[in-house]
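Visitor: Sequence:
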Amino acid sequence: MAFHTYVLKSQSSGRFYIGHTANLTKRIFEHNNNRTVSIRNRGPWELFYSEEFATRSEAMQRERQLKKRKIRRRVPRASRAR
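Residue numbers 42 to 123, in our numbering, belong to the letters of the sequence shown in order.
In short, the hints are calculated from the structure, not lab data. Any given hint could turn out to be false.
Straight line, CA to CA, 30 angstroms or less: simulated DSSO-like cross-link-like pairs of lysine-lysine [what the hints assert, rightly or not]:
id	residue 1	residue 2
1	Lys50	Lys109
2	Lys50	Lys67
3	Lys50	Lys111
4	Lys50	Lys108
5	Lys109	Lys67
6	Lys67	Lys108
7	Lys67	Lys111
Computed spacing ranges between beta-carbons, pair by pair [said to hold, decoys possible]:
id	residue 1	residue 2	range
8	Ala95	Ser53	27 to 37 angstroms
9	Glu99	Ser53	29 to 39 angstroms
10	Thr96	Ser54	29 to 39 angstroms
11	Arg110	Leu88	15 to 25 angstroms
12	Ala95	Ser54	29 to 39 angstroms
13	Ser54	Lys108	15 to 25 angstroms
14	Phe70	Glu93	12 to 22 angstroms
15	Arg56	Arg105	11 to 21 angstroms
Note that the structure is a prediction, hence the values are computed from the model and not measured. Even glycine gets a Cβ: it sits at the ideal position worked out from N, Cα and C.
Turn these sequences into a full structure, and let the hints guide you.
Guide: And the structure:
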């Protein structure tokens, strides 16, 4: 079974959502039909980027890397802990 790390982009707000799943098509359907509480009513969502992995662990690790990168871009350099 393959696992995917994916990035969705909201067509209404331009915001991004990062996640991982075993069934990418089903997961995108769930996001677009408000079955995901954390991003309900923020779509419609389109697939912006995805990667395939052999294990859930690899997909989760890549998701964390992408989220970490996203957070660093939001925080001004002077505010970051060194």
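Visitor: Tell me, which hint numbers fail for this structure?
Guide: Violated hints: none; all satisfied.
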